[in-house]
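Engineer: Sequence:
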Amino acid sequence: MANTFQLDIVTPEGLVFSEPVEHLRAPGIRGSFGVLVGHTPFMTSLAVGEVDITQSGKVRALATSGGFIEVNPDKTVILAQTAEFAEDID
233 MANTFQLDIV
243 TPEGLVFSEP
253 VEHLRAPGIR
263 GSFGVLVGHT
273 PFMTSLAVGE
283 VDITQSGKVR
293 ALATSGGFIE
303 VNPDKTVILA
313 QTAEFAEDID
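The numbering of the sequence shown is my numbering, which starts it at 233 and goes up by one.
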C-alpha cells in the first residue's frame, strides 16, 4: 500500500467514496491535474467534469458538479455538490 493514498469524496448527502487509490485526475478550474502519493499539499476549486480514479491499475470515472479539493501527501478530500460514478448513471 506504499504507492497509495486515501481518497475521500463527500457530498451534502454523505460520503460517496473512501478508499486507498494509486492516482487521480481531476478537472481544476485552471486545467486538469493529477495526484500521486506524496503530492505537495494544495487546495483548489474543481470545475464541472470527470474525476478519474485509479485503483489496482483500473480507472473509474466519477462525474462531479465541481467543488473543492484538498490534497495532502497521504490523503486527498473532494467536496462536491454532486458526485456519481459513471456505472451508476442511467
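Keep in mind the hints are simulated off the structure, nothing from the lab. C-beta atoms are modelled at their ideal positions from N, C-alpha and C, and glycine is treated no differently. Do not take every clue at face value.
The list that follows gives simulated cross-link-like pairs (lysine to any residue, SDA-like), each with its CA atoms no further than 25 Å apart [what the hints assert, rightly or not]:
(1) Lys290 <-> Ser264
(2) Lys290 <-> Ala315
(3) Lys307 <-> Ser288
(4) Lys290 <-> Gly263
(5) Lys307 <-> Phe249
(6) Lys307 <-> Gly266
(7) Lys307 <-> Asn235
(8) Lys307 <-> Glu251
(9) Lys307 <-> Val242
(10) Lys307 <-> Glu245
(11) Lys307 <-> Val291
(12) Lys290 <-> Ala318
(13) Lys307 <-> Gln238
(14) Lys307 <-> Thr272
(15) Lys290 <-> His271
(16) Lys307 <-> Leu247
(17) Lys290 <-> Ala279
(18) Lys307 <-> Leu278
(19) Lys290 <-> Ser250
(20) Lys307 <-> Gly270
(21) Lys307 <-> Gly281
(22) Lys290 <-> Glu302
(23) Lys290 <-> Thr314
(24) Lys307 <-> Gly263
(25) Lys290 <-> Glu251
(26) Lys307 <-> Ser297
(27) Lys290 <-> Glu316
(28) Lys307 <-> Val267
(29) Lys307 <-> Gly246
(30) Lys290 <-> Val267
(31) Lys290 <-> Asp320
(32) Lys290 <-> Val309
(33) Lys307 <-> Ala295
(34) Lys307 <-> Val280
(35) Lys307 <-> Ala318
Now the in silico label distances, taken between C-beta atoms and shown as ranges [said to hold, decoys possible]:
(36) Ile321 <-> Pro273: 27 to 37 Å
(37) Ile321 <-> Gly270: 30 to 40 Å
(38) Glu319 <-> Thr272: 17 to 27 Å
(39) Gly246 <-> Arg292: 29 to 39 Å
Engineer: Each hint should be assessed against the structure and marked as holding or not.
Structural biologist: Status of the hints after comparison with the structure:
1. The suggested pairing of Lys290 with Ser264 holds, with an alpha-carbon distance near 19 Å, which does not exceed 25 Å.
2. Our distance criterion of 25 Å between C-alpha atoms is met by Lys290 and Ala315, whose separation comes to about 19 Å.
3. With a CA separation close to 17 Å, the supplied pair Lys307 and Ser288 stays within the 25 Å bound.
4. Distance restraint check for Lys290 and Gly263: the Cα-Cα separation of roughly 23 Å lies within the 25 Å cut-off, and the hinted pair is therefore satisfied.
5. The suggested pairing of Lys307 with Phe249 holds, with an alpha-carbon distance near 13 Å, which does not exceed 25 Å.
6. For the hint linking Lys307 to Gly266, the alpha-carbon distance of about 14 Å falls within 25 Å, and the restraint holds.
7. Restraint check: the Cα-Cα separation between Lys307 and Asn235 comes to about 12 Å, which is no more than 25 Å; the hinted pair holds.
8. Proximity of Lys307 to Glu251 is assessed by CA-CA distance (about 10 Å); at most 25 Å being required, the pair is judged to hold.
9. For the hint pairing Lys307 with Val242, the CA-to-CA distance comes to about 13 Å; that is within 25 Å, so the pair holds.
10. A C-alpha spacing of about 21 Å is found between Lys307 and Glu245, which places the hinted pair at or below 25 Å, so the restraint holds.
11. Proximity of Lys307 to Val291 is assessed by CA-CA distance (about 18 Å); at most 25 Å being required, the pair is judged to hold.
12. Annotation: proposed proximity of Lys290 to Ala318 holds, straight-line Cα distance about 14 Å (limit 25 Å).
13. About 5 Å separates the Cα atoms of Lys307 and Gln238, which keeps this hinted pair within 25 Å; it holds.
14. With a CA separation close to 11 Å, the supplied pair Lys307 and Thr272 stays within the 25 Å bound.
15. The hinted pair formed by Lys290 and His271 meets the criterion: a straight-line CA distance of about 20 Å does not exceed 25 Å.
16. Restraint check for Lys307 and Leu247: the C-alpha separation of about 15 Å stays at or below 25 Å, so the hint holds.
17. Annotation: proposed proximity of Lys290 to Ala279 holds, straight-line Cα distance about 23 Å (limit 25 Å).
18. Only pairs whose Cα atoms come within 25 Å are accepted, and Lys307 paired with Leu278 is accepted, the gap being roughly 17 Å.
19. At roughly 16 Å between alpha-carbon atoms, Lys290 and Ser250 fall within 25 Å of each other, so this suggested pair holds.
20. For the suggested pair Lys307 and Gly270, the alpha carbons sit about 9 Å apart, so the restraint of at most 25 Å is met.
21. Restraint check for Lys307 and Gly281: satisfied, since their Cα atoms lie roughly 21 Å apart, inside the 25 Å limit.
22. With a CA separation close to 23 Å, the supplied pair Lys290 and Glu302 stays within the 25 Å bound.
23. For the given pair, Lys290 sits about 23 Å from Thr314 by alpha-carbon distance, which is consistent with the 25 Å threshold.
24. Between Lys307 and Gly263 the alpha-carbon distance is near 21 Å, which keeps this suggested pair within the 25 Å criterion.
25. Taking the CA atoms of Lys290 and Glu251, the gap is about 14 Å. The hint holds against a cut of 25 Å.
26. Annotation: proposed proximity of Lys307 to Ser297 holds, straight-line Cα distance about 21 Å (limit 25 Å).
27. Under the criterion of a C-alpha separation no larger than 25 Å, the hint pairing Lys290 with Glu316 is consistent with the structure, at around 17 Å.
28. With a C-alpha separation of about 10 Å, the suggested pair Lys307 and Val267 falls inside the 25 Å cut-off, and the hint holds.
29. Restraint check for Lys307 and Gly246: satisfied, since their Cα atoms lie roughly 18 Å apart, inside the 25 Å limit.
30. Pair hint Lys290 plus Val267 holds up; C-alpha atoms about 16 Å apart against a cutoff of 25 Å.
31. Of the pairs offered as hints, the one joining Lys290 and Asp320 holds, with about 17 Å between alpha carbons and a cut-off of 25 Å not exceeded.
32. Distance hint between Lys290 and Val309 is fulfilled; the C-alpha atoms sit about 20 Å from each other, no more than 25 Å.
33. As the CA atoms of Lys307 and Ala295 are separated by approximately 20 Å, the hinted pair is consistent with the 25 Å bound.
34. In summary, the hint linking Lys307 to Val280 is supported, as the alpha carbons are separated by about 22 Å, within the 25 Å threshold.
35. Taking the CA atoms of Lys307 and Ala318, the gap is near 23 Å; set against the 25 Å cutoff, the hint holds.
36. Separated by about 32 Å at the C-beta atoms, Ile321 and Pro273 satisfy the suggested range of 27 to 37 Å.
37. Hint check: Ile321 to Gly270, Cβ distance near 32 Å, so the stated range 30 to 40 Å holds.
38. The hinted window of 17 to 27 Å between Glu319 and Thr272 is violated, with their beta carbons roughly 32 Å apart.
39. The hint said 29 to 39 Å for the Cβ distance between Gly246 and Arg292, and at roughly 19 Å that hint is violated.
Comparing the model with each earlier hint shows violations of hints 38, 39; every other hint is respected.
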